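If you're matching them up, the sequences are chains A and B in order. Residues in the first sequence are numbered from 548 upward in steps of one, following the numbering used here. Residues in the second sequence are numbered from 25 upward in steps of one, following the numbering used here.
If you're looking for bench data, these hints aren't it; they were derived computationally from the structure. Note that the structure is a prediction, hence the values are computed from the model and not measured. Some hints here could point you the wrong way.
What the hints assert, rightly or not - Label pairs and their calculated CB-CB ranges:
id	chain 1	residue 1	chain 2	residue 2	range
1	A	Ala825	B	Leu97	51 to 61 Å
2	A	Ile631	B	Trp87	55 to 65 Å
3	B	Ile85	A	Ala861	47 to 57 Å
Stated by the list, open to error - Derived, one-sided and incomplete: chain B residues facing chain A with beta-carbon distance under 7 Å:
id	residue
4	Thr165
5	Leu169
6	Asp183
7	Thr186
8	Leu260
What the hints assert, rightly or not - Only part of the chain B face toward chain A is listed, based on derived beta-carbon distances under 8 Å:
id	residue
9	Tyr136
10	Leu168
11	Gly176
12	Ile179
13	Leu185
We put the CB at the ideal spot given by N, CA and C, even for glycine.
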Amino acid sequence: MAGYAAQARPAGRLRGRALATEDQRAVPDVRRMVQLALAGIWLLDGILQYQAFMFSKGFAQMLSATAPGNPWFIAGPINWAARIISEHGTSTNAVFALIQVLLGLGIALRPTIRVALGASIGWALAVWWFGEGLGGVLNGTASPVNGAPGAVILYALLAVLLWPPRQEKPASFVAGRCTGPVLAKALWLVLWGALAYMALLPVTRAPKALSGMISGMAAGQPAWLASIDNHLASFLASRGPAAGIVLAAVLAVIAVGVFIPRPGAVRAILALAIVTAAALWVAEGLGGMLTGSGTDPNSGPLLALLALSYWPLASRTNRATESEAG
Amino acid sequence: MGGQTWLAYTLAAVMIATSAYCLSRLAMSWRLGRPTERPVDAAHVLMGLAMAGMLVPRLRIFWTGGWEIVFGLGALGFGWLALRELRSPKSECDRPRHHHFQHVLACGAMVYMLAAMPSAAATASGSGMSGMAGAAARFPTLALLLALALFGYVIWNADRLTSLAPVAVLAAARVPVPGLAAAGGAGTLAAAARLADPAGPGEAARPRLAPLSPRLAACCEIAMGMTMGYMLIRML
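Working from the sequences, and respecting the hints, build out all of it.
Structure below.
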C-alpha cells in the first residue's frame, strides 16, 4: 500500500498534488511522533470508554465520587453530569467514547490536526472539571500517586505545547516551539513543582497513606501487577512519610532541572522524569486498564510524553529550525 | 454484552462491509488486472467475516478451530513476507520495511481472540462477545498489549493516509506496483500496462492501469485495527 505513495512524477496539475504528498511522507519529526503518541492515547481512551462498565450505573457513581469535599461550583456540576449519565447511560457514554476516538483520529490525520488539538483542549478541560473534579486539587485528595493533577489536564497541556504554529519559535526542544522556551519551561516548573508540593500533603505523606493508596490500586488487577503493587505497598507501610519526602525531592529536582543550561544534564533530568513517570504508572496500577473499568492510562504515560517533548534536540536540527523561524 | 448489543451489530456491519469491499478489490484485480495487494485484501475478507461472527454469533459461518488454522497460517505467511522485506535492500523495497508486521500482528490477534473465546458459551449467549469477556480474563495483559500495538498501527495508518497518492495521480504516473514487485515482476505501472495490453512497446510508457485505491485500503486497515482493538479491550 505504501508503495503507492507519491513516488510519482506526473506532469501538470497532478504533479503538484504528488509533490505535496511526497513532502508529507518525510520522516516524522519529534513533535509529530509525540503528537501521534498523544493521538494513540486519545484513541485508547475512546475505546476504553466503550467497555461494558462505562455503560453501567457504576460509571456515573465513579464520577459522583469525585464531588465530595469540593466547593459547590465544582461539586454541583459534577453531580449534575453524573445524574445525566446515570439516566442516559448508553447514549451519553457512546457520545463520550466517539468524541475521544474522533480526537485521536483527528490528531493523527494531518489535515485535521489543528481542529482536533483545539477540540481536545476544550474536551479535556470539560472532563477535568465535570469528570475528575479538578483532579482532587481543591479537596485535598490529590497525590502524584493517584494521578494528580488529573490525567486529563495533561492532555490539554500537551495539546498546547505540541500545537503546530504557522511560524515556529526558536527552541532546542519541541515543546518550546509554539509557546516559546521560556513559557514552556515555566509550565514544566509549575506542573512538576505542583506534584512535588502534593507529595508533601498529608494525603501522600501521612503514615500508611502511600501504602494504602497503592494497595488500593491492586484490587482487580492481574496477578503480576497486583503482586508488584502489594509488595510496594508493604514496603512503604512503615516508610510512608520518608517516602513522601523523597518523592517530593525527586519531583522538585525534575521541576527545576530543565533550567540547567547544559543539554547533557537536562537529558539526565528528563530521563529521571521518565523513570519517575514509569514508577508512578506502576503505582497507579496502569490506570486500572486491566481491571475492565479504567477510563484512561492515568498520568504516568502522559508525564513521560511530556518529558520527551522537552528533550533537547541535536544541534543540527536546532539550527535548521532556527533558520526557518528566523 | 447487555446494553452494547447495538455496538456489536454496528461493528459487525462495518466488518461485513469492509470484507465485501476487499472482496470487490480482489475481483477487480483479477478481472481487470488492476494492481492491488492481494494477500492483504484476502486477509481482510477473512478477518472481516471472522470478526463479524465473533461479534454476532448468528453470523458465524465457519467453525472456530478452522479460523484458528486459517489465521495461524496467515500469520506465518505474512511473517515470511515481513522477513523478506527486512532482508531486501532498502532500494528494492517499495513500501515501509515493517509494512507486513501489522498483518502478522492482526493475524496473531485473531488467533488469540479465537482461542480465548469459548465457542459454546458465545453460541449459547446469542448476543455477541458476552462469552469472550469472561473467558479471556486469564490473559488480560496480552489482550491489552495486542490492542495497544493495533492502535499504534491505526494511528500510523491514519498519519500516512493523506500522503498516499490518489488514484488519479497514480494513473498518470509510472509508479512501482507492489503486487507485481512482490511477485518478482517488473514493479512499474508501465509493466502492469504491458501485461494487460501487450500491443506494443510504445504503449508501455503510457500507463493505463491505475492501482486500486491505496487510501481506501488504508481505511480498511484502520477499520480492522480499531474493531480488533475494541474486541481485545472488551476481553479485559
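Hints, one by one, checked against the model:
A beta carbon spacing of about 38 Å between Ala825(A) and Leu97(B) contradicts the range 51 to 61 Å that was offered as a hint. As the Cβ distance of Ile631(A) to Trp87(B) is approximately 45 Å, the hint placing it in 55 to 65 Å is violated. A beta carbon spacing of about 54 Å between Ile85(B) and Ala861(A) agrees with the range 47 to 57 Å that was offered as a hint. With 7 Å as the threshold, the beta carbon of Thr165(B) comes within range of chain A, its nearest partner Cβ sitting at about 6 Å, so the hint holds.
The interface hint given for Leu169(B) is violated, since its Cβ lies 10 Å from the closest Cβ of chain A, which is over the 7 Å cut-off. Nearest Cβ of chain A to the Cβ of Asp183(B): about 5 Å, under the 7 Å cut. The hint holds. Given hint, Thr186(B) at the interface with chain A, holds; its Cβ is 5 Å from that chain's nearest Cβ, closer than 7 Å. Against a cut-off of 7 Å between C-beta atoms, the interface hint on Leu260(B) holds, since the closest Cβ of chain A lies about 5 Å away.
Given hint, Tyr136(B) at the interface with chain A, is violated; its Cβ is 16 Å from that chain's nearest Cβ, farther than 8 Å. Residue-level restraint check for Leu168(B) holds (minimum Cβ-Cβ distance to chain A is 6 Å; threshold 8 Å). A distance limit of 8 Å between C-beta atoms decides the matter here; for Gly176(B) the minimum to chain A is near 6 Å, and the interface restraint holds. Checking Ile179(B) against chain A: minimum C-beta separation of about 5 Å stays under 8 Å; hint holds.
The criterion of a C-beta within 8 Å of any C-beta in chain A is met by Leu185(B), whose closest approach is roughly 6 Å, and the hint holds.
Checked against the numbered hints above, the structure breaks hints 1, 2, 5 and 9 and satisfies the rest.
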